[in-house]
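Novice: Chains as they are written, first to last, in my numbering: chain A, 1 to 339; chain B, 1 to 339.
In short, the hints are calculated from the structure, not lab data.
One or more of the hints may lead you astray.
Note: identical chains are not told apart, hence a pair may lie in one copy or across any two.
Keeping only pairs whose Cα atoms sit at most 30 Å apart, straight-line, the calculated BS3-like set for lysine-lysine is [claimed, not checked]: (1) K324 / K46; (2) K298 / K223; (3) K216 / K338; (4) K105 / K223; (5) K105 / K298; (6) K324 / K223; (7) K301 / K46; (8) K216 / K105; (9) K216 / K300; (10) K301 / K223; (11) K324 / K105.
Here the structure is a predicted model, which means the values were calculated and not measured.
Protein chains: 2
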Amino acid sequence: MSGYTPGEQMNSPDVVKLNTNENPYAPSPRVFEAVADALNGQSLRKYPQPLGDTFRQAAGRVLNVDPDSILVGNGSDDILTILTRAFVPEGGRVAFPTPSYVLYKSLADIQGATSQTVPFTRDWTPPSPWPVRGAHLTYFANPNSPSGTILRREAIAQLAEQVGGPFVLDEAYAEFAEDNGLSLIGQLPDFVITRTFSKFYALAGLRFGMAIAEPKLIRELAKVKDSYNCDVLALAAATATIEDQEYYSDIRSRILATRGRMAVALTELGFAVTPSQTNFLWCRHPERPLKPIYEALKTKKILVRYMNYPDSGDGLRITVGSPKDIERLLTELAVILKQ
Amino acid sequence: MSGYTPGEQMNSPDVVKLNTNENPYAPSPRVFEAVADALNGQSLRKYPQPLGDTFRQAAGRVLNVDPDSILVGNGSDDILTILTRAFVPEGGRVAFPTPSYVLYKSLADIQGATSQTVPFTRDWTPPSPWPVRGAHLTYFANPNSPSGTILRREAIAQLAEQVGGPFVLDEAYAEFAEDNGLSLIGQLPDFVITRTFSKFYALAGLRFGMAIAEPKLIRELAKVKDSYNCDVLALAAATATIEDQEYYSDIRSRILATRGRMAVALTELGFAVTPSQTNFLWCRHPERPLKPIYEALKTKKILVRYMNYPDSGDGLRITVGSPKDIERLLTELAVILKQ
């Protein structure tokens with residue numbers, strides 16, 4: 001088994017890092033206050049809240065859901081791991097579309113389960129009817145990575161009904177998108193939404209994510225997680241984060257504005273850019289091979305993600321970074337493409 | 001499946017909490033500096049080091065082991081989960097002595113494995129020869145909880161050889177003890193030591209633990225963990241912690257001194273106190289039932305752990321708290337026992 005290989009983490013400050021969809025902006029100032037408040041001997045030496053109840057109350061208010069419908073996780077990878085362990089027996093079957101988040105296959109491999117992949121159609125929709133019946137778990141990233149595309153909630157509801165079994169709607173990028181599946185909670189059995197604080201909320205370094213599902217399902221999932229899977233500083237940060245929607249609304253506007261300009265500029269450079277509902281762009285090029293472009297950018301200390309899928313070919317997934325970083329990317333790309 | 005039930009977390013400040021073996025002292029002042037340094041927009045918005053290399057270098061120096069022999073974990077529960085998933089198939093068998101850490105059975109249940117428990121002898125040693133052959137994984141807590149007793153490294157080496165398969169030496173309390181198994185790394189195949197920062201290092205709130213084993217085994221275990229299982233603040237705190245052995249040496253002396261006085265006082269109150277190599281005491285009473293004592297303490301807002309094992313009866317596991325908290329405990333116990 002090879003395990004999941006995360007995106008490269010060249011962290012020297014002069015590297016333009018557009019490969020793991022981190023937020024170019026800092027988290028809310030309230031996060032720093034909340035962590036500083038929680039940073040004391042009493043809170044460090046004692047175990048944290050096992051279920052993160054303070055966070056759940058806050059998130060319940062902001063998202064208008066029952067706090068008991070929320071499970072806290074050490075990143076959404078922890079949540080996806082918990083879901084896989086809860087639903088999938090060894091020798092079981094999981095299903096997911098492809099190309100999508102490559103972690104799904106790693107999770108299945110670790111669990112000793114078989115992965116059944118379903119190719120997206122050319123317009124990044126799943127085939128209808130969905131061809132895999134009886135999977136122990138179906139993962140569906142929406143918006144999807146690497147494409148950045150979404151299905152609307154009505155289409156998600158239809159898909160989940162066709163799947164007819166446990167369904168994970170992985171909404172890692174939902175806060176950048178025009179629609180999400182939150183209103184479907186309670187409408188469909190064994191339907192779980194996962195969210196991360198690593199992308200929109202700019203807390204990749206702090207590891208926080210959550211699942212949202214019916215409370216009776218959350219209670220069962222809680223038995224599978226480590227008792228204290230989220231630490232006291234991450235819980236404090238996540239609570240302050242979700243309560244500061246005003247700050248993040250401003251960040252959203254800035255990132256979407258950069259995304260728009262970036263898509264236009266990349267198109268002018270000859271790329272075929274898939275319209276995105278996320279903080280990244282999926283770029284192909286009808287005339288130029290992509291791997292040399294990725295490698296040339298890397299020599300210029302600009303990291304993007306080169307992805308090559310056996311069934312659908314390759315592309316560059318480029319994070320919407322700060323305006324300055326994107327300017328540098330576009331300048332270098334123009335030089336590379338002239339060669 | 002019932003899942004693991006962690007110790008009660010009544011966190012109001014007037015509660016004397018002697019039930020989850022937290023350290024009564026704050027972590028090193030260097031921890032606060034290190035977290036404050038790491039608390040900036042750049043480190044929060046970016047993913048942390050996947051393998052915690054800065055910590056591994058520091059811990060390698062302090063423990064005099066190869067940094068590549070260290071796996072970082074989100075608490076030692078995360079490490080124990082990773083080990084279970086790596087070694088134990090569904091329908092597999094795990095073995096461990098009893099009474100011991102009750103999480104082992106929960107981990108086996110989640111994995112769909114069978115638990116084979118081996119009763120300790122009356123002097124808290126394992127039966128020799130060890131009676132379970134062919135387990136996929138054997139857990140052995142050393143020092144053990146709830147007893148606080150240890151086996152010396154020579155006895156551990158003999159036991160691991162008799163077990164003849166993957167062996168986890170769970171050293172959650174090793175820093176309080178007179179001996180540990182670190183020198184056995186590399187001497188025995190599939191031999192893993194786990195450590196936590198929740199007890200001796202006073203970082204229960206921050207979730208940090210580690211595995212120590214041969215580098216080739218650590219590389220395999222790393223494939224099973226979540227890619228970014230430790231956050232940037234916990235990694236910074238853990239690094240500062242392990243580098244400040246002087247501070248913790250002082251804490252050790254204070255806790256061991258309190259433990260000594262506490263054992264004498266509890267014995268004078270009529271308890272049978274098992275000699276401890278940890279930061280807690282296992283107490284029975286030849287004349288008085290223990291559950292009413294636990295309950296009477298709870299009404300006085302003093303939490304200890306009442307444990308009742310089907311094969312070996314019940315007892316109170318009492319954390320070595322601050323001198324002030326232990327004084328309050330002893331005062332209340334004297335009153336309760338007079339009734």
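Novice: Evaluate each hint against the coordinates.
Specialist: Verification of the hints:
Taking the shortest Cα distances, K324 and K46 sit within 30 Å of each other only across copies (17 Å), while inside one copy they are farther apart (43 Å). For the homomeric pair K298 and K223, the shortest alpha-carbon distance between copies (26 Å) is at most 30 Å, but the shortest distance inside one copy (44 Å) is not. In the homo-oligomer, the alpha carbons of K216 and K338 never lie at most 30 Å apart, since the shortest distance is 59 Å inside one protomer and 46 Å across protomers. When the C-alpha separation of K105 and K223 is checked against a cutoff of 30 Å, the pair qualifies both within a copy, at 24 Å, and between copies, at 13 Å.
In this homomeric assembly, K105 and K298 come within 30 Å of each other (Cα to Cα) only inside a single copy, at 27 Å, whereas the closest approach across copies is 48 Å. For a Cα distance limit of 30 Å, the shortest separation of K324 from K223 qualifies neither inside one copy, at 46 Å, nor across copies, at 36 Å. Taking identical chains as interchangeable, the C-alpha atoms of K301 and K46 lie at most 30 Å apart only when they sit on different chains, with a minimum of 17 Å there against 43 Å within one chain. For a Cα distance limit of 30 Å, the shortest separation of K216 from K105 qualifies both inside one copy, at 27 Å, and across copies, at 23 Å.
Proximity of K216 to K300 under the C-alpha cut-off of 30 Å is found in neither arrangement, the shortest distances being 51 Å within a copy and 34 Å between copies. In this homomeric assembly, K301 and K223 come within 30 Å of each other (Cα to Cα) only across copies, at 28 Å, whereas the closest approach inside a single copy is 44 Å. In the homo-oligomer, the alpha carbons of K324 and K105 never lie at most 30 Å apart, since the shortest distance is 35 Å inside one protomer and 53 Å across protomers.
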